[in-house]
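Student: What follows is each chain in one-letter form.
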Amino acid sequence: MKKIWFVSLCIFGFLACEKDDICAGEESETPNIVIDLYDQIEPDNLKQAVKIAAVANGFTDTLFFERTSKIELPLQINTNATDWNLTLYELSPTNDTIFKKDELKFTYTTEALYVSKACGYKTIFHEFNAVKSPNTTNNPWIQSIYKVTNEITTNNNAHIQLYY
Amino acid sequence: MKLQQTTMRIFSFIISLFCMCSLQAQEQVPQVYPEIYGLRIGTDLIKASRNFWDKDYKGFEISADYRYNKHWYLAAEAGYENRLKTDDQLSYTTDGMFLKIGAEKNFHQNWLDMNNLIYVGGRYGFSLHSQTLHSYRINTGDAYFDEEMQYPELKSTGLMAHWLEMIVGIKAEVVHNLYIGMNVQLKGLFYQKQPEGFENLYYPGFGQKYSGNIGVGFGYGISYMIPFKKKIIQPVKQQENTRK
Chain A
5 MKKIWFVSLC IFGFLACEKD DICAGEESET PNIVIDLYDQ IEPDNLKQAV KIAAVANGFT
65 DTLFFERTSK IELPLQINTN ATDWNLTLYE LSPTNDTIFK KDELKFTYTT EALYVSKACG
125 YKTIFHEFNA VKSPNTTNNP WIQSIYKVTN EITTNNNAHI QLYY
Chain B
30 MKLQQTTMRI FSFIISLFCM CSLQAQEQVP QVYPEIYGLR IGTDLIKASR NFWDKDYKGF
90 EISADYRYNK HWYLAAEAGY ENRLKTDDQL SYTTDGMFLK IGAEKNFHQN WLDMNNLIYV
150 GGRYGFSLHS QTLHSYRINT GDAYFDEEMQ YPELKSTGLM AHWLEMIVGI KAEVVHNLYI
210 GMNVQLKGLF YQKQPEGFEN LYYPGFGQKY SGNIGVGFGY GISYMIPFKK KIIQPVKQQE
270 NTRK
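As they're listed, the protein sequences go chains A and B. Sequential numbering of the first sequence, starting at 5, is according to the working numbering. Sequential numbering of the second sequence, starting at 30, is according to the working numbering.
No wet-lab data here; the hints were simulated from the structure. Please note that a few of the clues may not be correct.
DEER-style ranges, computed between Cβ atoms [stated by the list, open to error]:
no., chain 1, residue 1, chain 2, residue 2, range
1, A, Asn-133, B, Gly-226, 19 to 29 Å
2, A, Phe-68, B, Phe-81, 53 to 63 Å
3, A, Ile-45, B, Tyr-180, 47 to 57 Å
4, B, Ala-77, A, Thr-113, 46 to 56 Å
5, A, Lys-55, B, Tyr-220, 52 to 62 Å
These stretches of chain A come out as covered by chain B in the derived footprint (C-beta under 8 Å, 3 or more residues) [as the list claims (entries may be wrong)]:
no., stretch
6, 100 to 107
7, 110 to 124
With a Cα cut of at most 25 Å, we get these calculated SDA-like pairs of lysine to any residue [what the hints assert, rightly or not]:
no., chain 1, residue 1, chain 2, residue 2
8, B, Lys-114, B, Tyr-173
9, A, Lys-136, B, Tyr-173
10, B, Lys-76, B, Ala-132
11, A, Lys-74, A, Lys-151
12, A, Lys-74, B, Phe-174
13, A, Lys-105, B, Phe-174
14, A, Lys-55, B, Gly-170
15, B, Lys-184, A, Lys-136
16, B, Lys-238, A, Lys-55
17, A, Lys-55, A, Ala-162
18, A, Lys-151, B, Gly-170
19, B, Lys-238, B, Asp-83
20, A, Lys-51, A, Thr-113
21, B, Lys-238, A, Glu-31
22, B, Lys-114, A, Ala-122
23, B, Lys-259, B, Ala-93
24, B, Lys-87, B, Ser-164
25, B, Lys-184, A, Glu-115
26, A, Lys-55, B, Phe-174
27, B, Lys-184, A, Ala-116
28, A, Lys-74, A, Tyr-118
29, B, Lys-114, A, Glu-33
30, B, Lys-114, A, Val-119
31, B, Lys-238, B, Tyr-249
32, B, Lys-238, B, Thr-161
33, A, Lys-55, B, Ala-172
34, A, Lys-74, B, Ser-164
Backbone N, C-alpha and C define an ideal beta-carbon position, used for all residues, glycine too.
The whole structure should be built from the sequences, with the hints applied where relevant.
Tutor: What follows is the structure, encoded as structure tokens:
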């Protein structure tokens, strides 16, 4: 009987020192805007971009996406709008790089959602809307965009289809 | 002199723990020791001392047990806790009171006139508390936008929790009627009222919640017994040490 008590004492002791759970997994993170890139000539086909540079309005860091037909853009969580400047890198017939610029404007409302003690909170987005700014540069590349959903809750599916 | 006596008592208690199994019936002196019945009132020294060494904690616990019969004791604890916790992702304060009631069984066979306990028991615990979310950080996978800490100061009141608890411990009489005790508790929540948009992470009397609604606790208490009556037990006739 005494042995049992001693053993259970030890077990409780170890339990008390158990490490707090660790935050992991995409589901616990704030989702990004997922954009699938389609061919404007054959709208059923995804079209790979050689390189796209993305800079948010008012920020200086650049996100680069290379040889992909899917890009992911984060949204600011303490305002209701984020604008992204997207620069497409294209090779000209003479093998020079041509830069083509466009701007996408996202508006939304935010909701903070409790995840867990280790992860804290994540934000999901409601009433999501996306528009392409009227062409301000003389070298635009986006022909049109199509918004798939109003609710941004996960990264699993594309939220926008972009044709170029 | 007093200290020496105390030391002797503790020492003899420990000796009795290890030796009682091997004790053989010896020459019997027909001496009878009464069993003491009474109400023991105490406090948890860990909770009490934490007020001094942890600036984020305020709290206390009053405990009581009453001897029901030879082996069984009715026991209860009540108290108050206020605790601020700052984690990487969030910080919050839990504030409220708790009550635990239950019973415990003494498995220790006392030697001579000693009155010590090694016990196993159970409790039903209940807490009534509030939880205030002071700050949190939004978990974004990438760090493109520097996300600032949010400070909502969101207070959720009227929260509660119910749990069952298993307790194992010892109580040793160090001075006449004064006891020092240690115990460990294993607890399981079975009902709780959660704050909206958040989670109960700490409960008064229960402590921190681990995955699977499990909690653990450790107590180090001091208590005083108010004796009510003494019961004289007729000694069982010792059998002769027969050997074949």
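Student: The structure should be examined with respect to each hint, and the outcome stated for every one.
Tutor: Hints versus structure:
Separated by about 25 Å at the C-beta atoms, A/Asn-133 and B/Gly-226 satisfy the suggested range of 19 to 29 Å. Checking the proposed 53 to 63 Å range against A/Phe-68 and B/Phe-81 shows it holds: the Cβ atoms sit about 55 Å from each other. A/Ile-45 and B/Tyr-180 have their C-beta atoms about 51 Å apart, which keeps the hinted 47 to 57 Å range intact. The beta-carbon spacing between B/Ala-77 and A/Thr-113, approximately 49 Å, falls within the hinted interval of 46 to 56 Å.
The given range of 52 to 62 Å is respected by A/Lys-55 and B/Tyr-220, whose C-beta atoms sit roughly 57 Å from each other. Check result for the stretch 100 to 107 of chain A against chain B: violated, 0 residues qualifying (beta carbon to beta carbon below 8 Å, three or more required). Only residues whose beta carbon comes within less than 8 Å of a beta carbon in chain B count, and the stretch 110 to 124 of chain A has 9; three or more means the coverage holds. In summary, the hint linking B/Lys-114 to B/Tyr-173 is not supported, as the alpha carbons are separated by about 28 Å, beyond the 25 Å threshold.
The suggested pairing of A/Lys-136 with B/Tyr-173 holds, with an alpha-carbon distance near 22 Å, which does not exceed 25 Å. Between the alpha carbons of B/Lys-76 and B/Ala-132 the distance comes to roughly 22 Å, so the proposed pair stays at or under 25 Å and holds. Taking the CA atoms of A/Lys-74 and A/Lys-151, the gap is near 15 Å; set against the 25 Å cutoff, the hint holds. The straight-line distance between the Cα atoms of A/Lys-74 and B/Phe-174 is roughly 20 Å, inside the 25 Å bound, and the hint therefore holds.
The suggested pairing of A/Lys-105 with B/Phe-174 holds, with an alpha-carbon distance near 22 Å, which does not exceed 25 Å. For the proposed pair A/Lys-55 and B/Gly-170, the alpha carbon gap of about 22 Å is at most 25 Å, so the pair holds. Taking the CA atoms of B/Lys-184 and A/Lys-136, the gap is about 42 Å. The hint is violated against a cut of 25 Å. Under the criterion of a C-alpha separation no larger than 25 Å, the hint pairing B/Lys-238 with A/Lys-55 is inconsistent with the structure, at around 48 Å.
This hinted pair checks out: A/Lys-55 and A/Ala-162 have alpha carbons roughly 19 Å apart, not beyond 25 Å. With a C-alpha separation of about 23 Å, the suggested pairing of A/Lys-151 with B/Gly-170 holds against the 25 Å cut-off. This hinted pair checks out: B/Lys-238 and B/Asp-83 have alpha carbons roughly 19 Å apart, not beyond 25 Å. For the given pair, A/Lys-51 sits about 31 Å from A/Thr-113 by alpha-carbon distance, which is inconsistent with the 25 Å threshold.
Straight-line distance between C-alpha atoms of B/Lys-238 and A/Glu-31 comes to about 22 Å, which keeps the hinted pair within the 25 Å bound. Of the pairs offered as hints, the one joining B/Lys-114 and A/Ala-122 holds, with about 13 Å between alpha carbons and a cut-off of 25 Å not exceeded. With a C-alpha separation of about 19 Å, the suggested pair B/Lys-259 and B/Ala-93 falls inside the 25 Å cut-off, and the hint holds. A distance of roughly 20 Å separates the Cα atoms of B/Lys-87 and B/Ser-164; the hinted pair therefore holds under the 25 Å criterion.
With a C-alpha separation of about 18 Å, the suggested pair B/Lys-184 and A/Glu-115 falls inside the 25 Å cut-off, and the hint holds. Proximity of A/Lys-55 to B/Phe-174 is assessed by CA-CA distance (about 22 Å); at most 25 Å being required, the pair is judged to hold. For the hint linking B/Lys-184 to A/Ala-116, the alpha-carbon distance of about 16 Å falls within 25 Å, and the restraint holds. Of the supplied pair hints, the one linking A/Lys-74 and A/Tyr-118 is violated, its CA atoms being roughly 28 Å apart against a limit of 25 Å.
With a C-alpha separation of about 23 Å, the suggested pair B/Lys-114 and A/Glu-33 falls inside the 25 Å cut-off, and the hint holds. With a C-alpha separation of about 17 Å, the suggested pair B/Lys-114 and A/Val-119 falls inside the 25 Å cut-off, and the hint holds. As the CA atoms of B/Lys-238 and B/Tyr-249 are separated by approximately 20 Å, the hinted pair is consistent with the 25 Å bound. The suggested pairing of B/Lys-238 with B/Thr-161 holds, with an alpha-carbon distance near 16 Å, which does not exceed 25 Å.
Restraint check: the Cα-Cα separation between A/Lys-55 and B/Ala-172 comes to about 21 Å, which is no more than 25 Å; the hinted pair holds. Distance restraint check for A/Lys-74 and B/Ser-164: the Cα-Cα separation of roughly 35 Å exceeds the 25 Å cut-off, and the hinted pair is therefore not satisfied.
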